[in-house]
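Enquirer: Residue numbers (the working numbering), protein chains in the order written: chain A, 1 to 121; chain B, 122 to 267.
Bear in mind the hints are in silico, worked out from the structure with no lab data behind them.
From a predicted model like this one, the values you see are computed outputs, not experimental measurements.
Glycine is no exception: its CB is placed at the ideal position from the N, C-alpha and C atoms.
Among these hints, one or two may not hold up.
Partial chain B-side listing against chain A, Cβ under 10 Å, derived [claimed, not checked]:
(1) Val158
(2) Arg253
(3) Lys257
(4) Thr260
(5) Ala261
Stretch by stretch, here's where chain B covers chain A in the computed footprint (C-beta under 8 Å, at least three residues) [claimed, not checked]:
(6) 39-53
(7) 98-107
FRET-style restraints, in silico, Cβ to Cβ [as the list claims (entries may be wrong)]:
(8) B:Val176 to A:Val2: 50 to 56 Å
(9) B:Phe164 to A:Pro33: 26 to 32 Å
(10) A:Leu77 to B:Ala223: 46 to 52 Å
(11) B:Ile179 to A:Ala63: 25 to 31 Å
(12) B:Thr260 to A:Ser7: 39 to 45 Å
(13) A:Leu43 to B:Leu169: 30 to 36 Å
(14) B:Asp226 to A:Pro33: 23 to 29 Å
(15) B:Ile205 to A:Arg90: 32 to 38 Å
(16) A:Ala47 to B:Leu250: 38 to 44 Å
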Amino acid sequence: MVEGLTSTIQLVSLAMAVWCMVSAFRDRPMVVPHLVGMGVLWLLTIAQAVVSTVVWAGGDPPAEPATLVGYLATVVLLPPACAVWGFMERSRWGPAVISVACFILPVLMVRLDQIWNPPVV
Amino acid sequence: MSESTASANAASRSGPGRVLVALYALFALAATARAGVQIATRFQEAPLAYLLSLVAGIIYIIATVGIARSGRTSHRVAMVSCAIELCGVLAVGTLSLLDPAAFPDDTVWSRFGSGYLFIPLVLPVLGMLWLRHVEKGRTAEKAQAA
Numbered sequence: 001m002v003e004g005l006t007s008t009i010q011l012v013s014l015a016m017a018v019w020c021m022v023s024a025f026r027d028r029p030m031v032v033p034h035l036v037g038m039g040v041l042w043l044l045t046i047a048q049a050v051v052s053t054v055v056w057a058g059g060d061p062p063a064e065p066a067t068l069v070g071y072l073a074t075v076v077l078l079p080p081a082c083a084v085w086g087f088m089e090r091s092r093w094g095p096a097v098i099s100v101a102c103f104i105l106p107v108l109m110v111r112l113d114q115i116w117n118p119p120v121v
Numbered sequence: 122m123s124e125s126t127a128s129a130n131a132a133s134r135s136g137p138g139r140v141l142v143a144l145y146a147l148f149a150l151a152a153t154a155r156a157g158v159q160i161a162t163r164f165q166e167a168p169l170a171y172l173l174s175l176v177a178g179i180i181y182i183i184a185t186v187g188i189a190r191s192g193r194t195s196h197r198v199a200m201v202s203c204a205i206e207l208c209g210v211l212a213v214g215t216l217s218l219l220d221p222a223a224f225p226d227d228t229v230w231s232r233f234g235s236g237y238l239f240i241p242l243v244l245p246v247l248g249m250l251w252l253r254h255v256e257k258g259r260t261a262e263k264a265q266a267a
């Protein structure tokens, strides 16, 4: 796994989570800048999927291929799914959905990393 | 404003319900997919744990759909699934601590869902509170109309 990309996704995701949480507390609905932010996050997760595929094909297979593919698919689908689901709700609860999802994404990234390189006990 | 509040009460998937449905959907996916992989690749290692994961996943799916739909029957079904989830996470959580050998591999409910940030423990409680809140809103609306 590429260290830099993983931590970038985690940082961007946490930033989005905090931003959306502030919007939710200020009783603001989702606006276009939120969507742009989620778009950036989505592109980053797609990049992660591409990089993982390249590393895999380059001869560094993950410990649990099926689980890894499942997590990768979830990571890639999470930003657009929660963005659409949040944008449909025209109240403070729209950003709240995004915020929750963006707090979960970094955790998924940690799991992704663990699946690729299982911690040696 | 009062009109939008009333219609928000009618549909359980709006407002806070939207966050709940999103979380439930994610857990439905997590539990079912995990169980699917485990059953397909190494069922013999821990059949009980994997079957439990699968059951948990199916209950999460039922709860997700039940909360997302607005009918009263759907909510009853969702309420029952939330109750089963709560019993499941408490029972499996306790068992996995008392008799770790019975659960050689983790399920979503092992150790009260500690591998999943304890969300499996909190989710059914939130679900039931939310469904009760929606039901109250519906009753109030009906009383107003009468």
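Enquirer: Each hint should be assessed against the structure and marked as holding or not.
Expert: A quick look at each hint next to the structure:
1. Among the interface hints, the one on Val158 of chain B holds; its C-beta lies about 5 Å from the nearest C-beta in chain A, closer than the 10 Å criterion.
2. For Arg253 of chain B, the interface hint is violated, the least distance from its beta-carbon to any beta-carbon of chain A being 18 Å, above 10 Å.
3. A distance limit of 10 Å between C-beta atoms decides the matter here; for Lys257 of chain B the minimum to chain A is near 18 Å, and the interface restraint is violated.
4. Annotation: Thr260 of chain B was flagged as interfacial toward chain A, and the flag is violated, the nearest CB pair being 22 Å apart, outside 10 Å.
5. Taking 10 Å as the C-beta cut-off, the interface hint given for Ala261 of chain B is violated, the closest approach to chain A being about 20 Å.
6. Judged by the Cβ-Cβ criterion of 8 Å, the region 39-53 of chain A is not covered by chain B as claimed, because only 0 of its residues qualify and three are needed.
7. Under a criterion of three residues with beta carbons nearer than 8 Å to beta carbons of chain B, the stated coverage of the region 98-107 of chain A is upheld, 4 such residues being counted.
8. Judged by the Cβ atoms, the range 50 to 56 Å given for Val176 of chain B and Val2 of chain A is violated: they are separated by roughly 37 Å.
9. Take Phe164 of chain B and Pro33 of chain A: their Cβ atoms lie about 48 Å apart, and the range 26 to 32 Å is violated.
10. Here the CB-CB span from Leu77 of chain A to Ala223 of chain B is close to 34 Å, at odds with the stated 46 to 52 Å.
11. Taking 25 to 31 Å as the suggested C-beta distance range, the pair Ile179 of chain B and Ala63 of chain A conforms, at roughly 27 Å.
12. Distance hint check: the CB atoms of Thr260 of chain B and Ser7 of chain A are about 50 Å apart, inconsistent with the given range 39 to 45 Å.
13. Between Leu43 of chain A and Leu169 of chain B, the C-beta spacing of about 42 Å breaks the proposed range 30 to 36 Å.
14. Between Asp226 of chain B and Pro33 of chain A, the C-beta spacing of about 43 Å breaks the proposed range 23 to 29 Å.
15. Between Ile205 of chain B and Arg90 of chain A the C-beta distance comes to about 34 Å, which sits within the given range of 32 to 38 Å.
16. Under the hint 38 to 44 Å, the C-beta atoms of Ala47 of chain A and Leu250 of chain B, about 39 Å apart, fit the expected range.
Comparing the model with each earlier hint shows violations of hints 2, 3, 4, 5, 6, 8, 9, 10, 12, 13, 14; every other hint is respected.
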